[in-house]
Every structure is written in structure tokens, then in C-alpha cells.
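Student: For reference, the chains in residue letters:
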Amino acid sequence: MKPTDIGNPAYFHKVVDCQWACPAHTPVPEYIRLIAQGRYSDAYMINWESNVFPGVLGRTCDRPCEPACRRGRVEEENAEKPEPVAICRLKRVAADYKDDVSARMPKVPSKKNGKRIACVGAGPASLTVARDLAPLGYDITVFDGEKKAGGFIRSQIPKFRLPESVIDEECGYILDLGVNFVAGQHIDSLKDLLTQGFDAIFVGSGAPRGRDLDIPGRKEAAKNIHIGIDWLSSVSFGHIDKIGKRVIVLGGGNTAMDCCRSSRRLGGDDVKVVVRSGFDEMKASPWEKEDAMHEGIPILNFHVPKAFLHTDGKLSGMTFEVVKAEYDSKGRRSLVPSGQPDVTLECDDVLVAVGQENSFPWIERDVGLEFDKWGLPVVDQVTMQSTVKNVFFGGDAAFGPKNIIWAVAHGHEAAVSIDKFCQSEDVAVRPPPMVRMLSQKMGIHEWSYDNGVANDSRYKVPLKDINLALKNIKVEVELGFDPQLAWKEAQRCLNCDAQTVFADAKCIECDACVDICPMDCITFTLNGEEDELRKRLSAPATNKSQDLYVSGTLKTSRVMVKDEDMCLHCGLCAERCPTGAWDMQKYFMQTAKAGPACRPKNPTPARRAA
Amino acid sequence: MTYLTKPTLHHPTLVKNKAGYTRRDYEGKVSTLCAGCGHDSISAAFIQACWELDIQPHRVAKLSGIGCSSKTPDYFLGNSHGFNTVHGRMPSVLTGANLANRELIYLGVSGDGDSASIGIGQFAHVMRRGVNMTYIVENNGVYGLTKGQFSATADQGSKSKKGVANTDSPVDMVALALQLGATYVGRSFSGDKRQLVPLIKGALAHQGAAFLDVVSPCVAFNNHAGSTKSYDYVREHNEAVSRIDFITTRSEITVDYPEGEVVEVAQHDGSTLRLRKLHPEYDPTNRISAMNYIQEHHAKGEVVTGLLYVDPQPEDLHTHLNTAEMPFNRMGKKELCPGSAMLERINASLR
Ligand SMILES: Cc1cc2nc3c(=O)[nH]c(=O)nc-3n(C[C@H](O)[C@H](O)[C@H](O)COP(=O)(O)OP(=O)(O)OC[C@H]3O[C@@H](n4cnc5c(N)ncnc54)[C@H](O)[C@@H]3O)c2cc1C
Ligand SMILES: Cc1ncc(C[n+]2csc(CCOP(=O)(O)OP(=O)(O)O)c2C)c(N)n1
Ligand code: SF4
Ligand code: SF4
Ligand code: SF4
Ligand SMILES: [Mg+2]
Numbered sequence: 001m002k003p004t005d006i007g008n009p010a011y012f013h014k015v016v017d018c019q020w021a022c023p024a025h026t027p028v029p030e031y032i033r034l035i036a037q038g039r040y041s042d043a044y045m046i047n048w049e050s051n052v053f054p055g056v057l058g059r060t061c062d063r064p065c066e067p068a069c070r071r072g073r074v075e076e077e078n079a080e081k082p083e084p085v086a087i088c089r090l091k092r093v094a095a096d097y098k099d100d101v102s103a104r105m106p107k108v109p110s111k112k113n114g115k116r117i118a119c120v121g122a123g124p125a126s127l128t129v130a131r132d133l134a135p136l137g138y139d140i141t142v143f144d145g146e147k148k149a150g151g152f153i154r155s156q157i158p159k160f161r162l163p164e165s166v167i168d169e170e171c172g173y174i175l176d177l178g179v180n181f182v183a184g185q186h187i188d189s190l191k192d193l194l195t196q197g198f199d200a201i202f203v204g205s206g207a208p209r210g211r212d213l214d215i216p217g218r219k220e221a222a223k224n225i226h227i228g229i230d231w232l233s234s235v236s237f238g239h240i241d242k243i244g245k246r247v248i249v250l251g252g253g254n255t256a257m258d259c260c261r262s263s264r265r266l267g268g269d270d271v272k273v274v275v276r277s278g279f280d281e282m283k284a285s286p287w288e289k290e291d292a293m294h295e296g297i298p299i300l301n302f303h304v305p306k307a308f309l310h311t312d313g314k315l316s317g318m319t320f321e322v323v324k325a326e327y328d329s330k331g332r333r334s335l336v337p338s339g340q341p342d343v344t345l346e347c348d349d350v351l352v353a354v355g356q357e358n359s360f361p362w363i364e365r366d367v368g369l370e371f372d373k374w375g376l377p378v379v380d381q382v383t384m385q386s387t388v389k390n391v392f393f394g395g396d397a398a399f400g401p402k403n404i405i406w407a408v409a410h411g412h413e414a415a416v417s418i419d420k421f422c423q424s425e426d427v428a429v430r431p432p433p434m435v436r437m438l439s440q441k442m443g444i445h446e447w448s449y450d451n452g453v454a455n456d457s458r459y460k461v462p463l464k465d466i467n468l469a470l471k472n473i474k475v476e477v478e479l480g481f482d483p484q485l486a487w488k489e490a491q492r493c494l495n496c497d498a499q500t501v502f503a504d505a506k507c508i509e510c511d512a513c514v515d516i517c518p519m520d521c522i523t524f525t526l527n528g529e530e531d532e533l534r535k536r537l538s539a540p541a542t543n544k545s546q547d548l549y550v551s552g553t554l555k556t557s558r559v560m561v562k563d564e565d566m567c568l569h570c571g572l573c574a575e576r577c578p579t580g581a582w583d584m585q586k587y588f589m590q591t592a593k594a595g596p597a598c599r600p601k602n603p604t605p606a607r608r609a610a
Numbered sequence: 001m002t003y004l005t006k007p008t009l010h011h012p013t014l015v016k017n018k019a020g021y022t023r024r025d026y027e028g029k030v031s032t033l034c035a036g037c038g039h040d041s042i043s044a045a046f047i048q049a050c051w052e053l054d055i056q057p058h059r060v061a062k063l064s065g066i067g068c069s070s071k072t073p074d075y076f077l078g079n080s081h082g083f084n085t086v087h088g089r090m091p092s093v094l095t096g097a098n099l100a101n102r103e104l105i106y107l108g109v110s111g112d113g114d115s116a117s118i119g120i121g122q123f124a125h126v127m128r129r130g131v132n133m134t135y136i137v138e139n140n141g142v143y144g145l146t147k148g149q150f151s152a153t154a155d156q157g158s159k160s161k162k163g164v165a166n167t168d169s170p171v172d173m174v175a176l177a178l179q180l181g182a183t184y185v186g187r188s189f190s191g192d193k194r195q196l197v198p199l200i201k202g203a204l205a206h207q208g209a210a211f212l213d214v215v216s217p218c219v220a221f222n223n224h225a226g227s228t229k230s231y232d233y234v235r236e237h238n239e240a241v242s243r244i245d246f247i248t249t250r251s252e253i254t255v256d257y258p259e260g261e262v263v264e265v266a267q268h269d270g271s272t273l274r275l276r277k278l279h280p281e282y283d284p285t286n287r288i289s290a291m292n293y294i295q296e297h298h299a300k301g302e303v304v305t306g307l308l309y310v311d312p313q314p315e316d317l318h319t320h321l322n323t324a325e326m327p328f329n330r331m332g333k334k335e336l337c338p339g340s341a342m343l344e345r346i347n348a349s350l351r
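So the protein lines, in turn, are chains A and B. Counting with my numbering, you get residues 1 to 610 for the letters of the first sequence. Counting with my numbering, you get residues 1 to 351 for the letters of the second sequence.
These are computed hints drawn from the structure, not numbers from a lab. For clarity, every value in this text was computed on a predicted model and none was experimentally measured. Even glycine gets a Cβ: it sits at the ideal position worked out from N, Cα and C. Wrong hints could be hidden among the right ones.
To be verified - Interface residues of chain A toward chain B, partial, derived using beta-carbon atoms under 8 Å:
# : residue
1 : Tyr459
2 : Thr523
3 : Val550
4 : Thr553
Said to hold, decoys possible - Covered stretches of chain A (chain B as the covering partner; in silico rule of three or more C-beta atoms under 8 Å from a C-beta of chain B):
# : stretch
5 : 68-77
6 : 504-516
7 : 576-582
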């Protein structure tokens, strides 16, 4: 293998599994350390910089970082139930215990740069664009059909998962940056908007249409059949405050989980979730399924809806066909009749949460904006630019329904593009991330990070008493970690950003690092092809998604090979190294945000002709 | 050393041996030696060897003297018996322990100062007597613990850290051991576990006096240019006479070495030492030619390593003295203290 190019920022970024997996590339271990030190405000600001809604996301994020977290891997064969660090809920700790951070928010220049940007929709994608561009002097106008900003964060996510005050606070930080928020104004024509003199338009209108289920009885029993997301927003805005005693929720995604849990709080005693697929293939996150079941909601799988039953124009129940999964030779699944008799379930109300769609009735098809065959706009995956050069997309509107953190990530990239576009730069030329490497060595055996490795298993977030929680839909279920629990959970983080950096020339091949490494990561051996090398290391390197770090040829004509997969970042290799050939260096990386650094040609905004 | 205890988390693929232990179970306390000390690598080699041999940790007794090297038994086999004697007196304590209980595996861990200076007398006699043990000298050419004075194994002309040349002739521990009757003699290098681990395994299985001289650089006081016990010097002058595989009766360990003539030495306990000769003329079962060979190469400035001599049919002290097989701790009062009548008879026989 060739020596590893550690100068490439992607190499060490990939080692920080959580940050690599986070769509907004939040510097996770950095904020976890700050939480352990009780520096909640600093931890909050690191998050705010990257993901814009730490308080919201600390309660609701889909947390792609957690399945990626190294802790889950290294606990294999070491703990009863290997589990990642509670990255998401630690984020909430930063938000809960921070001081007033309003003074730390960016200052908005009194003199604007003369460019006007319109954002359609006030969801997380648009708000991120506004947050990134307003401090640069852009004049931002955000339009939304609703009265308050937040998008689905406000209209869909039930208050028992996310209190309104958190939404108000975090949307407030952005609107306070001198953003013009035009509430209650639904944009009905892109053509019209294009004529209003905006330099660029960002479309963050989400995926607002819930799919319906067209089966017999749908029309007749319509009064008690509700589209999940419409029903949830009515609940959020207080238009609906009760539901029948027996409720069936159709669908296996997160919307279904919010529907069933909301129903339990609005009078539903007998609430069931019914899904077509198997339990394990459900789209909902495992923890959301757990939360629902914890509240006494059974999930029936392999039931395909056949008909709504009704008597005298009133819904009385539903029938389902029972299916089973069959896999073909290629492993593709199909649901086939199981041969069991159909199942009838009685109910008073049905919530249909079987998916969401984009819809753009307000975009005229003759403005030059191309749509693909699924009705989605043609948008560049990297620049977020549409086929109309000054119209950009992001969030659910761009590539279909995703989640908040993706909306934020899109927002950042769109902001970079809009900034470059407005300053006449090529949007396709993307700025490199901001990277710092800093040795953590303080003394012979002292590091400026806590390199001890805790053996604790994941701590559970304390919950509100279930009886109290089910009484009021506005009572938050999770109480959050207190500072003590947060500290303990933070100790589980392995500081994957404290990178093991190897200097070939200093190594005397004494084997000290090999001997001390608790995870058998390091091998000195003759070089070879990757596949073959992976088999003959101190411990087999079977996880190919994790890289091998290979040195140049050493004095004995061998190379040092380190399998990054299981490294604990404990620094023992560096402590045992007599020559300092190993060093622990903190890798701090933030993606480039809109601003002078991302436009090399025009670091200062173009001056307008007088 | 490190300030941190080694985390107990281990690689998920770590395997258990037949005794039910992982390699990590053979570790000891966290080492307090200097980072990069060759002695720590030797400890790691012991851990590997004992794990590979499925040894029950509580069946091992580690005895040592004084020195950095003699401290190492604290850093491996944390669940075995251990005894730190006074400086240079490990051999007599080991002999005594072995006489009292021949069923344990005895490990004598010493340094070049401990064995070639203050303890050279005891060293000579433990070898002469053929005590069944693995005796290792972790040889760095200096008194590491007392800050790097030349030891008796330092080569003539070897330079100290401050540049002063050693004028005395060195004691060659391997030559001494051969001359004094050790029945398994090897030399190795702490930086070459491929060679060291099988050598240790062979020594542990050997039912007689096994001696290993392991060059083990002192990074603090003897790893500079001009030293003949540095990592660089040893790597440049290392002449391995053979590559050794240790094959237990139960499992075969295959290591790929370049082809060479293969000699198999069947051991008393049924295990086999397979030597792949790198020096075709070398005969490791002939004590006298081994002694000559080592001296010749030493004169050429080469450090000859590998299994240098083995007697496949060794005898040990217990055989020589015709002692009782049962360890003292399992004998009853009657056997241990046969009474005054017996004492009278013994005394009478000596008059
Ligand atoms: C029930 C439910 C629960 C969810 N829970 C989570 C969760 O826990 N965690 C998570 O990460 N994600 C969750 N999501 C997904 C998440 O809410 C969305 O992915 C995210 O909000 C998308 O952000 P966005 O900025 O693209 O658009 P949205 O948040 O959808 O905001 C779009 C806004 O645009 C406005 N708008 C639309 N068209 C126009 C127009 N023409 N003119 C003016 N305004 C317009 C809308 O009123 C809306 O306010 C959930 C979704 C649902 C349905
Ligand atoms: C009776 C006695 N004399 C002298 C000493 C001082 N002393 C301690 S260690 C040592 C030499 C150790 O050298 P070596 O055995 O080579 O061990 P190393 O530290 O090099 O591994 C000496 C002379 C002592 N502890 N006890
Ligand atoms: S252990 Fe910490 S730094 Fe490593 S992946 Fe998990 S959260 Fe991130
Ligand atoms: S930091 Fe070094 S010693 Fe610790 S697990 Fe990683 S490679 Fe091994
Ligand atoms: S002084 Fe030398 S022998 Fe002693 S621990 Fe340090 S390096 Fe090892
Ligand atoms: Mg010494």
C-alpha cells in the first residue's frame, strides 16, 4: 500500500466517525468534552455553528452519528449490549444548561451588501440559509404561509417531544439577525417572485403533502379518517384536541409514531400501529418504536389494509390481509399472502401515515425550472442549484422528505452557493473545510484531553412519570440528562478527534506501541496489497469501511500499519513511544460556511456601481 | 511508563486459549519502565508465549533480583506467583523454591547487572546444578535502574552516553551458561518477537536449566551511536543461526520463513523444536562446536542469535539428588517431620 496521505483532510475526518456521519459535520467530540468540563455555552455555540438548532436537534435529531459511533464497535464482545455514546441527548444538555448566549450571536453589519435574497418557507433549511447569509450583509426575506417560523419543526413534531419554547428560542436567534420574516404569506407563483428583484431565491418549502390510502370505504368513512401530517399540524396549532377511544394508525415511519403517541394523549385508550412490512424493516427509528411501545401501543406487522368498514356512514373498523415476507435469490423482499384469514380491527378513528410527497403547485412549469419524472426539481447534489441559475433548493423540497439535520446541511451548502453566485463566482468550485491539527502533548504523560477510557454502559435519559406524561400533550416526556449523568455519559466518548499521528523518521521500531495497544491496532510488517495486509495484522482488520494508516518504509524495510477501526484514542501508543514518533493531535474540522473564505476571487463583496 | 492503566476493552476478535484465557489475561500491572525500554517487549513476549502454551497462570512462579529488568515480573502474569529477592540472589531463592515444589514452572528474570556482576556466583551454581527453570537475562549492557553505569556485559570499546569507551572485557553470559552446563541456551533480541516468542516457549517446555540472553536496549542510557546494545547496532549485527518454531504435542504452529535445512529436536515432554537453519554448518546439539561458533562470530563483531544449544535429554537437580516427587506443600506432618528416631538414625549414619 502507498503511505497514507494524512494531509488530505478527509483522512482524519473519517476517523471521527460521528462527525463524518453527521450531514452537517458537527465537531461532536469537541462539544462532548466541553460538556464534560461544564462549559455548556461553549458546547452550545460549537453546535450552533454547525447545526443551527442544538436545542431542537438535541431532542429530535435522527442522529445518523450514533449508529456510526466507534463506541458501539469497541464495546462488541466487551459489553453486554454494545451501544454508541448518547451524542444527541448530550447536545440537549448543552442547550439546557447554557447561559444566555444572545451576546455570542453574530453581529449583523449595519451596512448591507446590497444583495436581496428570498427564502420560500421558514423551515430549518431556509432558516439556515438566512442564518449564514444575514451576518454577511445580505438582505433576507423569509416567506411562510404559517404564522410562526419553524416549518415542520413547529407544525409536525409533537410538543411532548419538543417544547414550543425551544423552537421559539432557536428560530428567534435567526430572525433576530435582521431577517425580514413575512408570516402568513404563502407564495403562489415563482414567476411572480422572480420579478420582485431578488438576486437569488431559496426554496425551502418542504414536502407538505401526506399520502392517502385509496381503498374501499375511504370516502364513506371519511369523517373519521385523517391524513397523519394534517392531523398532527392541527393538533400542534390547537385545532384538534381529542380523538376516539380506539385508534388505528397506519404506517411504520416516524410520523406514525408521532400520531399514535399523540392519540394516546388525546383520549385514545386503545391505540394500535398497523404496518405492512415486518417490524424490523419499519422506517421509524428504533428508539421511536421503543418510546411508542413503552406507552402501551402495540405494533402489528405484516398487515396490509384492505378496507375501511362503516355503518351508517360512520367508521367502525378496518380489515387487513395478513402477509409474510419472501426473499428471492437476489435477496429482494416481496410480501405474499400468508394464507391466514383476514383480520378485522374495530376502531373509532384512523390516522393515515403512509408517507409524504413533494408538491409544487406554485411553481409554473414554464419558468425554465426542470422537474424529473418523480415530480422533484432537478437540483445539483452539491451546489443545491436548480436549472434556473438564481433559484436554489434545500431540505425536503430538494430531494424528498429527509430530516432536520439534512435540511440544515443543505442550507449551509445553498448559502455558500448563493454567496458565490451573488459575488459572481463559480458555484461549482467548493471551498475546502477549515482544518486545524494541534498536538495534545502537555508533559511526558500528560495530554490536554482526558485519555482515560471509561467502561460504563450507555446511560438512559430519565423520563417523566408515564401517567403524568400521558395526561397532557404538552408535557415533555424526556427530562434530559442532569449535569452529573451528562458528565458520566460524556466520559464514554473516546475522543476520536485526538488523532494518532505517526512520524516515520522518528520510529526506532522498539515495538512499545504494539505491546501497549489494548486493541491490537498496530503492526510492524512487510508492506503488501491492502486485502492481503488486512489479514496478517496483529488483529484481523475485517471492517473495510475503516482505513488502514500505513507509514513509509522504515529502517528494517517494514512499514507501520494501524487499523483505525478499533482505536480507543487512549494515547498509550504515544505515551509508550520513546521518541515521540507517535503524537496525539486534535483534529478540528468545520465545513466552510458562506463568507469571504469561500470566495477566493472576491473575498470582499463586489462594490455596487454608484 | 504510562500514567493510565491499560484499558480493559479489547479487540472483539481476541481468542481464548485452551486454558480459557485471552492473551490480555496474562498481562500484569502497568509498567513503570521508561517508554520504549526493551524489557517491556520481553514482557509482551512472555505474555504471548504463556498464552500460546495454554499455561495456567497460577502454575507459574516468577523470581527476580533487582534492576529495571528484575522489576518486570510485576508487569506480566499478574495472576502468577512472584518473588523479588535481594540483588543477585534470585538463583538461590529459585533453587530453594524449586526444591520445595517441582510442579511449578519457574521463571528467573534478571538483568546483566543482577546476573553478571553481583549475582555472577549464584548464576554459575544454578546453571551447574541444572535447576529446571527458564532463566532470562534482559541484557542492556548497563545498570539501567541506577542510571546507566556500564555493566559487566558491556563490550570493550562500547561508548557510554557521554562518549567514554568501556575498557574492560565483557562477560559473555551465553558462553558462561554453555560452559556451566545449561541444557537449553539461546540468545535473542527484544525487538524480534518472531524469534523470541518461540525461544521462550521452547525454554518453558525444557525440563532442565534453560538460559536465554536477550539483548534489550536501554533507551534511557544505552541506545546511542557507539553503543553495542542499541536497537540500531543489534539490528545491523544480528546473525540468526536458525529460525525456530516450537511445536507442542497438541498444535502445530506454522510460520513462513525462507526455506533452509530443517532440523527437528524432539523434547523430553513430547514437544518438538523445529529449527530452520540459516547457517547450514551449525549444529545446535553439540555443546563444544556451539561454544566455538559463538566465539568465532563474536570475534567478527556479530551477535549470534537463535537457539544455540539444546540437549534433548536433559537432567535436572531433582534427578541428580533423587528427591521426593511430591511438593512439600502436599506432604503431611509425618513426611515433613519424621521424628527424633529418624533423626537419630541419620545422625548415626553420618558418624
Ligand atoms: C410528523 C413528523 C415528525 C418529524 N419528526 C422529525 C424528527 O423528530 N426529527 C427530524 O430530524 N425530522 C423530523 N421530521 C422531518 C422534518 O420535520 C423535516 O425533514 C424538516 O422539517 C424539513 O425541513 P425544511 O426546511 O425542508 O421544510 P419544512 O420544515 O417542511 O418547512 C417548510 C415550510 O415552508 C412553508 N411553505 C411551503 N410552501 C410554501 C409556499 N409556497 N409559500 C410559503 N411558505 C411555504 C411551510 O408552511 C413550512 O413552514 C418529521 C416530519 C414529520 C412529518
Ligand atoms: C546489594 C545491592 N547493591 C547495589 C544495588 C544498586 N543497584 C540497583 S539495580 C543495580 C544494577 C541493575 O542492573 P541490571 O541488572 O542490568 O538491571 P537493569 O536496570 O539494567 O535492567 C544496582 C547496582 C542494590 N540495589 N543492591
Ligand atoms: S466515541 Fe465520541 S468521538 Fe468517537 S464516534 Fe463516538 S461520539 Fe464520536
Ligand atoms: S490510541 Fe494508540 S494505543 Fe490507544 S487504542 Fe489507539 S493505537 Fe492503540
Ligand atoms: S533506565 Fe533503561 S533499562 Fe531502565 S527502564 Fe529505562 S530504558 Fe529500561
Ligand atoms: Mg542492565
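Student: Hint by hint, say whether it matches the structure.
Tutor: Structure-based check of all given hints:
The criterion of a C-beta within 8 Å of any C-beta in chain B is not met by Tyr459(A), whose closest approach is roughly 18 Å, and the hint is violated. The closest approach between the C-beta of Thr523(A) and any C-beta of chain B is roughly 11 Å, which is over the 8 Å cut-off, so the hint fails. Interface hint status for Val550(A): violated, as the beta-carbon distance to the closest one in chain B is roughly 19 Å, over 8 Å. Look at Thr553(A): its Cβ only gets to about 15 Å from chain B, farther than 8 Å, so that hint breaks.
Note: the stretch 68-77 of chain A has 5 residues with beta-carbon separation from chain B under 8 Å; the three-residue rule is met and the coverage holds. Here the stretch 504-516 of chain A counts 8 residues with a CB under 8 Å from a CB of chain B, which clears the bar of 3, and the coverage holds. Only when three residues or more bring their CB closer than 8 Å to a CB of chain B does the claim for the stretch 576-582 of chain A stand; here the count is 4, and the claim holds.
Of the numbered hints given earlier, the model fails hints 1, 2, 3, 4; all others are met.
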